[in-house]
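**Q** Here is how the chains run, residue by residue.
4 protein chains.
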Amino acid sequence: MAETEDSTRERILAAAQDLFARHGFDATPTSKIATEAQVPKGLVHYYFNRKPDLLTALVDKLPSEHVELGEVVVDGDVCTSLCRFVDRLDRNLDGSSLLSHLLWREADTHEVVRDALQARYRKMVAQIGEVITAASRHRIAAERISAAAALLAHALSFRHSMARHDGGAGHGDGASMDAEVRFVAEALAS
Amino acid sequence: MAETEDSTRERILAAAQDLFARHGFDATPTSKIATEAQVPKGLVHYYFNRKPDLLTALVDKLPSEHVELGEVVVDGDVCTSLCRFVDRLDRNLDGSSLLSHLLWREADTHEVVRDALQARYRKMVAQIGEVITAASRHRIAAERISAAAALLAHALSFRHSMARHDGGAGHGDGASMDAEVRFVAEALAS
Amino acid sequence: MAETEDSTRERILAAAQDLFARHGFDATPTSKIATEAQVPKGLVHYYFNRKPDLLTALVDKLPSEHVELGEVVVDGDVCTSLCRFVDRLDRNLDGSSLLSHLLWREADTHEVVRDALQARYRKMVAQIGEVITAASRHRIAAERISAAAALLAHALSFRHSMARHDGGAGHGDGASMDAEVRFVAEALAS
Amino acid sequence: MAETEDSTRERILAAAQDLFARHGFDATPTSKIATEAQVPKGLVHYYFNRKPDLLTALVDKLPSEHVELGEVVVDGDVCTSLCRFVDRLDRNLDGSSLLSHLLWREADTHEVVRDALQARYRKMVAQIGEVITAASRHRIAAERISAAAALLAHALSFRHSMARHDGGAGHGDGASMDAEVRFVAEALAS
DNA sequence: AATGAATGAGACTTCATTCAT
DNA sequence: AATGAATGAAGTCTCATTCAT
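Going down the list, the protein sequences come from chains U, A, R and V.
Numbered according to numbering that gives the first Met the number 0, the first sequence spans residues 0 to 189.
Numbered according to numbering that gives the first Met the number 0, the second sequence spans residues 0 to 189.
Numbered according to numbering that gives the first Met the number 0, the third sequence spans residues 0 to 189.
Numbered according to numbering that gives the first Met the number 0, the fourth sequence spans residues 0 to 189.
One or more of the hints may lead you astray.
Claimed, not checked - Computed cross-link-like contacts, EDC-like style, restricted to lysine to aspartate or glutamate with a CA-CA straight-line distance of at most 16 Å:
{"id": "1", "chain 1": "U", "residue 1": "LYS50", "chain 2": "A", "residue 2": "ASP25"}
{"id": "2", "chain 1": "V", "residue 1": "LYS50", "chain 2": "R", "residue 2": "ASP114"}
{"id": "3", "chain 1": "R", "residue 1": "LYS60", "chain 2": "R", "residue 2": "ASP25"}
{"id": "4", "chain 1": "R", "residue 1": "LYS50", "chain 2": "V", "residue 2": "ASP25"}
{"id": "5", "chain 1": "A", "residue 1": "LYS50", "chain 2": "A", "residue 2": "ASP25"}
{"id": "6", "chain 1": "A", "residue 1": "LYS50", "chain 2": "U", "residue 2": "ASP25"}
To be verified - Pulled from the structure, derived: some chain U residues nowhere near chain A, Cβ distances all over 12 Å:
{"id": "7", "residue": "LYS31"}
{"id": "8", "residue": "TYR46"}
{"id": "9", "residue": "LEU68"}
{"id": "10", "residue": "GLU185"}
Honestly, the hints are just simulated from the structure, not real lab data.
Cβ coordinates follow ideal geometry from the N, Cα and C atoms, glycine included.
Please take these sequences and the hints and turn them into a complete structure.
**A** What follows is the structure, encoded as structure tokens:
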């Protein structure tokens, strides 16, 4: 009945992601997921024993947060390097900002999700620090780097975590993010 | 008697806040709220007609986000001014970080909550801008101010929105927040 | 809606007893119990949190297995004493033979039930022994008494445990039970 | 290959018996049977079309209840004859007491099972009567024989039907069964 | 012959909400 | 004003059974 076993499973997962993002995990009945995925109700539980397993599977779908430093670092140009880094992250995240958003929301109540997101966050902070270090020609005080990394990571994560509150919080489309990145970069340069 | 009624209502609200924070809005039955508040089940709906009304009432409990500029601005010292501003905000928020946190989580699915939080966010951005302008002796480009305000507001909001993920992501406690504020202030000064 | 709160609860319990007896515990949906008791489905779980709680409540409905020795013992006449004892037990059990039967069936898988029935069984053996001792004028060897008690208790319990297999196993209506009691009594007399 | 098929079928049946005995027929999913038997799920329904067919097949596995009178009767010694008869029955039943037990439990709701067990019961009563008649040198009143047979059959069946409640009710292990048999035999002798 | 993905009816249970008192 | 019994819609999950391969 399934076109491909994989595609059926994927369709369920996609439906879950969509509905979780729109209405929240708890507010989404598995039956609605089945309907949206156009599969019989039982199949959802055939592939994902319990409802939270859908969340686990969704976590695994998060795109790699890894960015090759070499691809973004421009020697001597912290600003461009950071911009490219942010850009690359965004491209990685691609259409997954909704996914990222819904996961942040469920992080409190689902350990698996929380752990995964915290790991990603830590990696992001570390990578920003590395980009700054690699791009800058003169040494920068460790504490300044970490402050800058924290600021940018906050801004990035918050932006994703608020991805759905469009047009409301002024949380920045790409442009305003650039402005902030530039602000940080210039601060580091001085 | 009026006092008793009030305190009963408060007890229900406090229980709701606690349980919503721990398990989420949807995962918290009104009956549990009644139990935790040690009131009969019917009373919850007597005071708060529908369950979402509890959320609305919780929004109203958010402490004022308004900070008197005069109380924090130190003329000529952007850094100290911002630090005091952040400090004041934190003190306002006091024990309400859990409240703030749980509200962020429900913002997606409850318009009332979303609107309230977005208003607070915008006000925060505006106030940071005002603090910077008021404290700085020389004029700063508008775009730099708004970038700085956005950065700090992001950081602040993200911190609150993650209040529960303590000890995990290494996202700022007071100290690291200070470092970031200082970073921004110095950037503006140069 | 309930005539008396008690009577509603009782009606549910009666329906459960009836259906459990006819189809077994596992094969009886709570919804059917509600239908048979003419109450809404939710009420079953309002009174009995979980389905097995119905079984527990049923165990409590078992009539007292206690028989006053003074009421049945005829000095010097073991046979009559035992007959009256059995008769009294039967009258106690009254219409509850179905109940007793269904409980025996569920004893394996429900500890509460098993414990209650085992206790009743032990008490029955003990009481038979007491009746014999009290009714007999000459001393009887302890081992003969216990063998007699075991035989009768087996027969009694088996009869109840098979109450439903009517007309099939030849497990005795009152008459054949009398014959067996008399057999035992005469054996003891000789 | 035929051998393999057979042993596979047997493994399924053994698993079913084990699980039915432990959890009851209704509480045992066919999938668990497959798991326990280490066969793919589809195979259970391949060999046994419907779930109740497993019960039917289990009934057929009951060991013969037939005992050759010549092998147990000792002329003039009713007691020994009966003891040997009981002993032989027990040996026939061998490891099947669990099977017998679980079948008793399902007898109410499964006609096939009920009929089979009732037939066995009737045969047991008849055989006990035959043993008594054959072993006794003097004639015994028919009613006494049937009372004795009923008592012993009750005791035997009850013992099997309670096979699982070990250590609890103190109902006979082999020893106490012997005491009861002796009691009956002596009663008949007098 | 053998398999396991697929199906959908239906089981148990929870819960917001109502309402008579 | 306050209560808690009552309601029934809806949710999660299980499972016997089918069937294409």
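**Q** Compare the structure with each hint and give your call.
**A** Hint by hint, here is what the structure shows:
{"no.": "1", "hint": "U:LYS50 - A:ASP25", "in the structure": "holds, 15 Å"}
{"no.": "2", "hint": "V:LYS50 - R:ASP114", "in the structure": "violated, 31 Å"}
{"no.": "3", "hint": "R:LYS60 - R:ASP25", "in the structure": "violated, 20 Å"}
{"no.": "4", "hint": "R:LYS50 - V:ASP25", "in the structure": "holds, 15 Å"}
{"no.": "5", "hint": "A:LYS50 - A:ASP25", "in the structure": "holds, 10 Å"}
{"no.": "6", "hint": "A:LYS50 - U:ASP25", "in the structure": "holds, 15 Å"}
{"no.": "7", "hint": "LYS31", "in the structure": "holds, 14 Å"}
{"no.": "8", "hint": "TYR46", "in the structure": "holds, 23 Å"}
{"no.": "9", "hint": "LEU68", "in the structure": "holds, 21 Å"}
{"no.": "10", "hint": "GLU185", "in the structure": "violated, 7 Å"}
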